[in-house]
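S.K.: Heads up: the protein sequence lines correspond to chains X and L, in order. Sequential numbering from 0 applies to the first sequence in numbering that gives the first Met the number 0. Sequential numbering from 0 applies to the second sequence in numbering that gives the first Met the number 0.
These are calculated hints, taken from the structure and not from any lab test. Heads up, the beta-carbon is just placed ideally off N, CA and C, and yes, glycines get one too. Check each hint, because a few of them may be wrong.
Claimed, not checked - Per the computed footprint, the stretches of chain X lying under chain L, defined by three or more beta-carbons under 8 angstroms from a beta-carbon of chain L, are: (1) 98-109; (2) 140-149; (3) 211-219; (4) 340-352.
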Amino acid sequence: MKLHEYQSKQIFARYGIPIPKGRIAGTSSEVKQIAEEFGGSVVVKSQVLVGGRGKAGGIRLAKTADAAQEIATTILGMEIKGLPVRKVLVDEAVSITKEFYIGIVNDRAHQTPVLIGSGAGGMEIEEVAQKNPEKIVRIDIDPLLGLRDYQLRDAAIGMDLPRPLWKNFIEIIQGLWRVYVDCDATLAEINPLVISAENHLVALDAKIILDDNALFRHPDLGDLRDMDAEEPSEIEARKFGLTYIKMGGNIGCMVNGAGLAMATMDILSLFGGKAANFLDIGGGANAEKVTAALKIILSDPKVTSILINIFGGITRCDEVAKGILAAANEMKINIPIVVRLVGTNQEEGKRLLEASNFTSAETLAQAAQLAVDLAREKQL
Amino acid sequence: MSILAHQNTKLLVQGITGKEGLFHTQQMLQYKTNIVAGVSPSKGGEWVLEGKVPVFDSVKSAVEMTGADASVIFVPARHCADAIYEAADSGIPLVICITEGVPVQDMMRVKRFLEQKKTRVIGPNCPGILSPGQTKIGIIPGNITFPGNVGVISKSGTLTYEVLYALKLANRGVSTCIGIGGDPIKGTGYIDLLEMFEADAKTDQIVLIGEIGGNEEEAAAEYISRYMTKPVVAFIAGVTAPPGKRMGHAGAIIDGRGGTALEKIETLEASGIRVAQHPEQIPSLLA
Numbered sequence: 000m001k002l003h004e005y006q007s008k009q010i011f012a013r014y015g016i017p018i019p020k021g022r023i024a025g026t027s028s029e030v031k032q033i034a035e036e037f038g039g040s041v042v043v044k045s046q047v048l049v050g051g052r053g054k055a056g057g058i059r060l061a062k063t064a065d066a067a068q069e070i071a072t073t074i075l076g077m078e079i080k081g082l083p084v085r086k087v088l089v090d091e092a093v094s095i096t097k098e099f100y101i102g103i104v105n106d107r108a109h110q111t112p113v114l115i116g117s118g119a120g121g122m123e124i125e126e127v128a129q130k131n132p133e134k135i136v137r138i139d140i141d142p143l144l145g146l147r148d149y150q151l152r153d154a155a156i157g158m159d160l161p162r163p164l165w166k167n168f169i170e171i172i173q174g175l176w177r178v179y180v181d182c183d184a185t186l187a188e189i190n191p192l193v194i195s196a197e198n199h200l201v202a203l204d205a206k207i208i209l210d211d212n213a214l215f216r217h218p219d220l221g222d223l224r225d226m227d228a229e230e231p232s233e234i235e236a237r238k239f240g241l242t243y244i245k246m247g248g249n250i251g252c253m254v255n256g257a258g259l260a261m262a263t264m265d266i267l268s269l270f271g272g273k274a275a276n277f278l279d280i281g282g283g284a285n286a287e288k289v290t291a292a293l294k295i296i297l298s299d300p301k302v303t304s305i306l307i308n309i310f311g312g313i314t315r316c317d318e319v320a321k322g323i324l325a326a327a328n329e330m331k332i333n334i335p336i337v338v339r340l341v342g343t344n345q346e347e348g349k350r351l352l353e354a355s356n357f358t359s360a361e362t363l364a365q366a367a368q369l370a371v372d373l374a375r376e377k378q379l
Numbered sequence: 000m001s002i003l004a005h006q007n008t009k010l011l012v013q014g015i016t017g018k019e020g021l022f023h024t025q026q027m028l029q030y031k032t033n034i035v036a037g038v039s040p041s042k043g044g045e046w047v048l049e050g051k052v053p054v055f056d057s058v059k060s061a062v063e064m065t066g067a068d069a070s071v072i073f074v075p076a077r078h079c080a081d082a083i084y085e086a087a088d089s090g091i092p093l094v095i096c097i098t099e100g101v102p103v104q105d106m107m108r109v110k111r112f113l114e115q116k117k118t119r120v121i122g123p124n125c126p127g128i129l130s131p132g133q134t135k136i137g138i139i140p141g142n143i144t145f146p147g148n149v150g151v152i153s154k155s156g157t158l159t160y161e162v163l164y165a166l167k168l169a170n171r172g173v174s175t176c177i178g179i180g181g182d183p184i185k186g187t188g189y190i191d192l193l194e195m196f197e198a199d200a201k202t203d204q205i206v207l208i209g210e211i212g213g214n215e216e217e218a219a220a221e222y223i224s225r226y227m228t229k230p231v232v233a234f235i236a237g238v239t240a241p242p243g244k245r246m247g248h249a250g251a252i253i254d255g256r257g258g259t260a261l262e263k264i265e266t267l268e269a270s271g272i273r274v275a276q277h278p279e280q281i282p283s284l285l286a
C-alpha cells in the first residue's frame with residue numbers, strides 16, 4: 000500500500016527528518032491563504048499515487064500567493080494518469096544547491112533491506128541505475144543488526160556529500176531506517192534530499208510503501224489508504240476477502256488460488272481470448288463468497304462469458320456450486336458460464352449444477368476454449 | 000525414495016488446536032503421515048482427534064518427548080516468525096510453514112537467524128510437501144497423484160494440484176512435490192531442491208512451476224544448464240499479468256527491475272529447458 004507524499008512527510012517529521020514547512024489543502028482559496036502565511040513563494044504539489052507528477056504538470060512553483068491560487072485551481076481540476084487530484088501539498092519553496100537520492104528498499108535477490116544512494120537526485124533512480132550505475136551506492140543492511148553509522152559514512156563518501164554534513168546525514172538516514180522498520184515498509188525513500196542555500200539537508204519529497212501483510216500491526220496506517228487509487232470493484236472484492244484485478248478483456252474469471260488464476264488468464268489468451276479480470280476466491284471459500292465473486296464479475300459491462308475454474312483442495316466444489324446457484328437465483332444472468340470443477344466433492348458439485356444452464360468442462364484446455372468461443376458468439 | 004520427507008519422518012504440528020491446524024492434521028493422518036505431536040501454548044497435556052495426537056505447550060518439550068524431526072506450522076501470520084524461531088531453537092531440521100501473509104521484514108529476520116542454525120524452512124505461504132505413498136506434510140490433496148519418478152517444485156498451490164492431476168491422468172507418478180511458496184522472501188528456493196532431486200535415485204525428471212516476480216526462475220535456469228543431468232520441464236504463470244499489480248501472491252509482481260513471465264520463459268528456453276504453454280501440456284513434454 001502506497002502512502003501519499005504528505006502522509007509520508009508527516010511520518011518523517013515524527014522521526015526527526017527535516018522537511019519543508021508545508022500544509023495540505025483541498026481548495027485554491029486555502030492554498031492562497033497558506034501561501035500568504037508562508038510569505039508568497041511556495042511549491043504546489045498534487046497528491047496522487049502515481050509517479051511522474053512533475054512531468055504531468057502536477058508540481059509547480061508559485062512566486063506569489065495569487066499565482067499559487069491560480070496554479071492550485073489548475074492542478075485541483077486535473078487528472079494524472081486517470082486519477083483525480085483532490086488535494087495539494089503547499090510547501091515553502093526551498094532554494095537548492097545540490098540534490099541526492101536516498102532510499103531503503105527490500106532487496107529480493109539478497110533477501111535483506113538495502114540502502115541505495117546517489118548524487119544524481121531528483122531523477123528516477125531506475126534511470127540512473129541503467130545509464131550511470133557507477134553513480135549508485137548500494138549497501139546491504141543486516142536485518143538483525145540494523146543500519147550502522149559506518150555504513151552511512153560509506154554512503155556519504157560514495158555520494159560525494161560534503162564532510163560538514165555527514166553528522167546530520169547520519170541522523171536523518173537513521174531516522175529513515177527507523178521509519179522503514181517501525182512502519183513495516185517495503186520502501187522508504189527521499190528523492191530528492193537536498194542541500195539548501197542555508198547549507199542544511201532537507202527532504203523535499205517523501206515516499207513510503209507499506210507491506211500489506213504487516214498492516215495488522217499498523218491499523219493507523221491502514222486507515223490512510225486512498226480509495227481513489229483503486230477500482231471500486233477491487234475495493235468491494237476486498238471486503239469479501241477476494242482478490243480482484245480488472246484486466247480489460249471480456250471473459251470473466253473466477254479461480255481458487257493466485258497461481259492458477261494467472262494460468263487461467265494465460266490460457267484464455269493462448270486460445271485467442273482476453274480475461275476481463277483476475278479473481279482469486281482463496282482457499283476454503285464458502286457459497287456466500289462465491290456469490291459475491293460472481294456479482295463482482297458481472298458488474299463489469301464488458302463481460303460476455305465467464306469461466307469458473309476450481310481445483311478443490313480445501314475449497315469444496317459443492318460449496319462453489321451452491322454459491323453459483325445462489326447468484327443465479329438472485330439475478331438474471333444472460334451471459335454464458337463455463338464451469339470446471341475438479342477435486343474435493345466434485346461429483347456433488349457437478350450434480351448440483353446439472354439441472355441448470357451452465358456449460359461444464361473436464362479439462363482446463365476445454366474450459367478455456369469453450370469460454371473463448373462463447374464470448375466471441377455473444378459479441379457477434 | 001523421495002527428498003526431504005519420507006514415511007519415517009516424525010512430524011510435529013505447530014498450531015494443532017486451531018481450525019486449520021486440526022482439519023489438516025486429520026487429513027494428514029488419513030494419508031498415514033507419522034504425526035507424533037502437536038504444539039499449542041497453554042493446551043499442553045490434552046489429546047486431539049480422539050486421542051491420536053498429544054499436545055504440548057512448547058516445541059522443546061514436544062521434541063524431548065517424541066523425537067519429532069519435522070514441523071509443520073499453521074499458526075496465524077502474526078505469530079509465524081516466533082513459531083519458526085521456536086522450532087529452529089529446538090533443533091528441528093525441517094520446518095514447513097503453510098501460513099499465508101507473513102510480513103516481509105519478519106521473514107528477512109528469520110532468514111538471517113537461520114543462517115546460524117541447522118534448520119531448513121519451506122515456505123511460508125506454501126501448500127507443503129507430498130511424497131506420494133509415504134507422507135504428506137501440509138495441505139496438498141493426497142488423492143491427485145501417486146508414487147512415481149517425477150519431482151515437482153512450485154511457487155503455487157492449486158496450480159500445483161492442477162499439474163499433479165494432469166500428470167496422474169497421463170499416468171505419471173511423483174517422487175516428491177514441494178511447494179516453496181509465493182512470497183518474495185522464502186525459506187528454500189528452487190536451486191537447493193533441484194540439487195536434491197539431481198542426487199535422488201528415484202527421481203528421473205523434474206517439473207518446475209514458476210510465476211512472475213523476482214528472478215529465481217532465471218537463477219534456476221542457469222543452475223540447471225550448468226549442473227543438472229536430469230531433464231527439467233517448466234511452466235511459468237502470468238504471461239498476461241500487467242506490470243505494477245500484485246497478482247494475489249505477495250511475490251507475484253512485475254516491478255521496474257523485471258520479473259515478467261516472458262523474460263523467464265526466454266531464459267529457461269535459452270538454457271535448453273522445455274517450457275509448457277499451459278499446465279495440461281506438461282506431461283507431453285516429459286521424457
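S.K.: Now tell me, hint by hint, if it's right for this structure.
M.R.: Against the structure, the hints:
no.: 1; hint: 98-109; verdict: holds (count 3)
no.: 2; hint: 140-149; verdict: holds (count 3)
no.: 3; hint: 211-219; verdict: holds (count 5)
no.: 4; hint: 340-352; verdict: holds (count 3)
Against the hints set out earlier in the document, no violation occurs for any number.
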